[in-house]
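2 protein chains.
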Amino acid sequence: MELFSSLTPVFIAIICVLIGIILKSNRKNSKKGKRETKNKSESRPWVDDDLRDSTDLHVEEEDADGDWQGLDENIAHVSFSAEHYSEGEMIKRSKEFYELLSKRRSVRFISDEPVPREVINNVIKAAGTSPSGAHTEPWTFVVVQDPEVKQRIREIIEEEEEINYKKRMGDRWVNDLKRLRYLDYSSYLILILKQVYGMLPNGQRRTPLLNEIMLLPVVILFANVGLVTVTSTPLNCGPRLRVLLQRPKNEKLLLLLPVGYPSKDATVPDLTRKPLDDIMVVM
Amino acid sequence: MELFSSLTPVFIAIICVLIGIILKSNRKNSKKGKRETKNKSESRPWVDDDLRDSTDLHVEEEDADGDWQGLDENIAHVSFSAEHYSEGEMIKRSKEFYELLSKRRSVRFISDEPVPREVINNVIKAAGTSPSGAHTEPWTFVVVQDPEVKQRIREIIEEEEEINYKKRMGDRWVNDLKRLRYLDYSSYLILILKQVYGMLPNGQRRTPLLNEIMLLPVVILFANVGLVTVTSTPLNCGPRLRVLLQRPKNEKLLLLLPVGYPSKDATVPDLTRKPLDDIMVVM
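Sequences listed follow chains A and B, in order.
According to the working numbering, the first sequence is numbered sequentially starting from 23.
According to the working numbering, the second sequence is numbered sequentially starting from 23.
There's no promise every hint is true.
If chains are identical, the list can't say which one is meant, so a pair holds when it fits in one copy or spans any two.
Here are the simulated lysine to any residue pairs, SDA-like style, with alpha carbons at most 25 Å apart [said to hold, decoys possible]: (1) 114 <-> 180; (2) 172 <-> 188; (3) 286 <-> 204; (4) 286 <-> 96; (5) 172 <-> 272; (6) 172 <-> 248; (7) 296 <-> 158; (8) 125 <-> 158; (9) 271 <-> 296.
Source of the hints: derived by calculation from the structure; they are not laboratory data.
Every value quoted in this text rests on a predicted model; they were computed, and no experiment measured them.
When you get a sec, could you build the whole thing from the sequences and use the hints?
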């Protein structure tokens, strides 16, 4: 008992220390807690976790995209009218457009036959009419015609693909990479970058405003003039390509499209598309 | 001293309890730590953290989208050719397409004048020609014409918007929500859903294969027939709308588009688009 009682001050000291530690760790947790509840408050109780994907991950972006709230209230409005086609004409035009698009395929056999620059310009002007949250138009199209830059782009992609493939499927990458040569041959490489965040005059970042799904895909525009391409989002290459193309830090690669006329020996996988009934539900 | 020593067992008990608490909280933190490092390992050393957005977040999806690796090696190939237009014709077609799209605007003033179903069908067939990783075509288009379903959709969005707005901008939501009435009036509401993951015959999940940017936006297709729409991604409404539309758990709402003829009194914000030089870089 004597021993114990002599140790008493030590016990008390230990208690104080332990309490201190606990208080500290609690403060940490409560900070974390705040952050978590902040995130939670964005998602709703009934949100179905199976469905949480990118669309949930950049809520700010979606939010800004909600066209009904993005724009400055004070901006003047002008009257709008569109061509009012007859029913027959509407059906004809929609059918012809479907037929044009139904012939479009992703083609990797692209010739180096030069394509008039004016066509590329018109295609990019057309892509630039895409809707964007609060009309921020946060996109950049890089058109690469310099053979050395094309080759460097292909090399960067091959290096990254090699790493990805080795991680995932061993030797197979060697065969697959042979297919990347078409990047050099293509008349143009077009890289679409998104401004991930804008800059306010005061230098502060502004939330990103582009919902990628809104960017009009140039594939239609090329199909319309008899050019072919294949959309690709090279895995992990974005930042290196951004540096190669001397684009600012706030721009991120969305898509890489080699563009040109199909080569004489072009082939595509023999695929059919789902019938309308498999993709459309009417209520 | 006597008092203290008699209290000694109490002190010891307290110490044990406190130690217990500390150990517990430490275990929590170390779990958190593991999760964090796991996420880190997915990013590449040189990846530029400013640029980590959705495109990085679903690497699997991008990866599968790389058209050059998605498809079954054994599928037969067929030869492909496209219309080879003269330069003049290409320039003309690309210019006309640009002019068509440059007239397209996001319009919220939509009349309830009925639109022929065949036009909607053709538009959705056209959208269904979008490229998708490994040709999975993981999309569903829900066409809503039932006025009660339209109204219910508007109510769900208003409920969610009210919550979002109150969180962010106080009373302003009231004014903004008035604008949502057009959802009821529109001839059709079209909801585009993405199959977030597929199901293998053995019931296992398959990685999602759609890169959203590849989905051909129906806005062009409607513009082509003189119809108007406004793309929106209602914040947090996805799961409730999915349930309302009786869609399976693996489908996620990407876009909601009210569609119809512009109403007589339609107006749009008086905006101009960036000139080509602001969005295009040539190397």
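Now the hints, each set against the structure:
{"no.": "1", "hint": "114 <-> 180", "in the structure": "neither (45 Å within a copy, 37 Å between copies)"}
{"no.": "2", "hint": "172 <-> 188", "in the structure": "within (24 Å within a copy, 50 Å between copies)"}
{"no.": "3", "hint": "286 <-> 204", "in the structure": "within (14 Å within a copy, 50 Å between copies)"}
{"no.": "4", "hint": "286 <-> 96", "in the structure": "between (55 Å within a copy, 22 Å between copies)"}
{"no.": "5", "hint": "172 <-> 272", "in the structure": "within (23 Å within a copy, 39 Å between copies)"}
{"no.": "6", "hint": "172 <-> 248", "in the structure": "within (22 Å within a copy, 40 Å between copies)"}
{"no.": "7", "hint": "296 <-> 158", "in the structure": "between (35 Å within a copy, 9 Å between copies)"}
{"no.": "8", "hint": "125 <-> 158", "in the structure": "between (33 Å within a copy, 18 Å between copies)"}
{"no.": "9", "hint": "271 <-> 296", "in the structure": "between (40 Å within a copy, 21 Å between copies)"}
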